[in-house]
Amino acid sequence: MPRFFTNEIDENNIVITGDDARHIGYSLRMKKGEEITVCCCGIDYVCSIKDITGDEVFLELVKKEVCAAEPNIEVTLFQAVPKLDKLEYIIQKSVELGVSRIVPVLTRRCISRPSEKDFLKKLPRLNKISAEASKQSGRGIIPEVTPVVNYAKSLEMMKKLDKTLILYEEQGGKSFSDIDFSGIKRTGLVIGSEGGFDSEEVAAALNSGAQQIWLGKRILRCETAPITALSILMFLTNNM
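If you read the sequence shown in numbering that gives the first Met the number 0, its first letter stands for residue 0, the second for the next number, and so on.
Treat the hints as calculated values from the structure; they're not laboratory data.
Small disclaimer: the values here were computed from a predicted structure and weren't measured.
For every residue, glycine included, the Cβ atom is placed at its ideal position computed from N, Cα and C.
There's no promise every hint is true.
In silico DSS-like pairs for lysine-lysine, Cα to Cα no more than 25 Å straight-line [to be verified]:
1) Lys121 x Lys85
2) Lys49 x Lys63
3) Lys116 x Lys82
4) Lys30 x Lys63
5) Lys162 x Lys152
6) Lys216 x Lys173
7) Lys173 x Lys162
8) Lys120 x Lys152
9) Lys120 x Lys92
10) Lys184 x Lys92
11) Lys134 x Lys120
12) Lys85 x Lys216
13) Lys31 x Lys134
14) Lys30 x Lys62
15) Lys121 x Lys82
16) Lys116 x Lys127
17) Lys127 x Lys82
18) Lys92 x Lys127
19) Lys162 x Lys184
Between beta-carbon pairs, the in silico distance windows are [what the hints assert, rightly or not]:
20) Gly41 x Ile218: 32 to 38 Å
21) Glu64 x Leu219: 35 to 41 Å
22) Ser174 x Ser47: 45 to 51 Å
23) Gly41 x Phe180: 17 to 23 Å
24) Lys62 x Leu205: 46 to 52 Å
25) Thr5 x Asp84: 28 to 34 Å
26) Leu27 x Ile110: 38 to 44 Å
27) Asp177 x Glu10: 44 to 50 Å
28) Ile183 x Arg107: 26 to 32 Å
29) Glu64 x Ser181: 25 to 31 Å
30) Lys30 x Leu122: 33 to 39 Å
With the hints as constraints, model all of the structure from the sequences given.
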């Protein structure tokens, strides 16, 4: 069933407008009586099409339910900025796996170092990738890709979460199976770029309350690490 997203909804007057309406009417060639799902804040509204005009689709609510595909834990991915094609891949796959928000972070060893202004120009495309991945994977929200932040700002953001885990290839960290996720509603994953983190950045994260995680003796590529970590986290929190 086709899925569409909205930031707010009136159950008594559900209307899809703009590009989504044209997609329903012209691309999908849907007709009156056919059903679509409108997603808002993690709730799925199954609706029947009442009428279609050029730029508007009028819907009647059939039923609503909590989106079964949404995890019971909010995960913020703090991803040190890699090359653009890798970042796009990370966004797509992490959204499919259930991430709630993606925060690109500039760290000392980032090879790609866009300015805040230049990165803002890329945000519409990055958030479009997130939206498309959300539709494809049946998500109930579209995870936000935020503007790029410096490492100090990311540390402040991490402090607002219940638990933060930083992936670092040096031995000394815990394995995921040693982490207690009971009662945790909001967690963060901090993952390096192609050059990884330096020891001072890891120390700063640990001093801010993060825990070091070790994924084993093999060093993973920056685009493999978040997929691996998210998969394990979702499995351990009964979200896979």
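Tested hints:
| no. | hint | in the structure |
| --- | --- | --- |
| 1 | Lys121 x Lys85 | holds (14 Å) |
| 2 | Lys49 x Lys63 | holds (17 Å) |
| 3 | Lys116 x Lys82 | holds (17 Å) |
| 4 | Lys30 x Lys63 | holds (21 Å) |
| 5 | Lys162 x Lys152 | holds (17 Å) |
| 6 | Lys216 x Lys173 | holds (13 Å) |
| 7 | Lys173 x Lys162 | holds (14 Å) |
| 8 | Lys120 x Lys152 | holds (21 Å) |
| 9 | Lys120 x Lys92 | holds (22 Å) |
| 10 | Lys184 x Lys92 | holds (21 Å) |
| 11 | Lys134 x Lys120 | holds (23 Å) |
| 12 | Lys85 x Lys216 | holds (23 Å) |
| 13 | Lys31 x Lys134 | holds (22 Å) |
| 14 | Lys30 x Lys62 | holds (19 Å) |
| 15 | Lys121 x Lys82 | holds (12 Å) |
| 16 | Lys116 x Lys127 | holds (19 Å) |
| 17 | Lys127 x Lys82 | holds (18 Å) |
| 18 | Lys92 x Lys127 | holds (13 Å) |
| 19 | Lys162 x Lys184 | holds (9 Å) |
| 20 | Gly41 x Ile218: 32 to 38 Å | holds (36 Å) |
| 21 | Glu64 x Leu219: 35 to 41 Å | holds (37 Å) |
| 22 | Ser174 x Ser47: 45 to 51 Å | holds (49 Å) |
| 23 | Gly41 x Phe180: 17 to 23 Å | holds (20 Å) |
| 24 | Lys62 x Leu205: 46 to 52 Å | holds (47 Å) |
| 25 | Thr5 x Asp84: 28 to 34 Å | holds (30 Å) |
| 26 | Leu27 x Ile110: 38 to 44 Å | holds (41 Å) |
| 27 | Asp177 x Glu10: 44 to 50 Å | holds (45 Å) |
| 28 | Ile183 x Arg107: 26 to 32 Å | holds (29 Å) |
| 29 | Glu64 x Ser181: 25 to 31 Å | holds (26 Å) |
| 30 | Lys30 x Leu122: 33 to 39 Å | holds (36 Å) |
In summary, the structure agrees with every hint in the numbered list given earlier.
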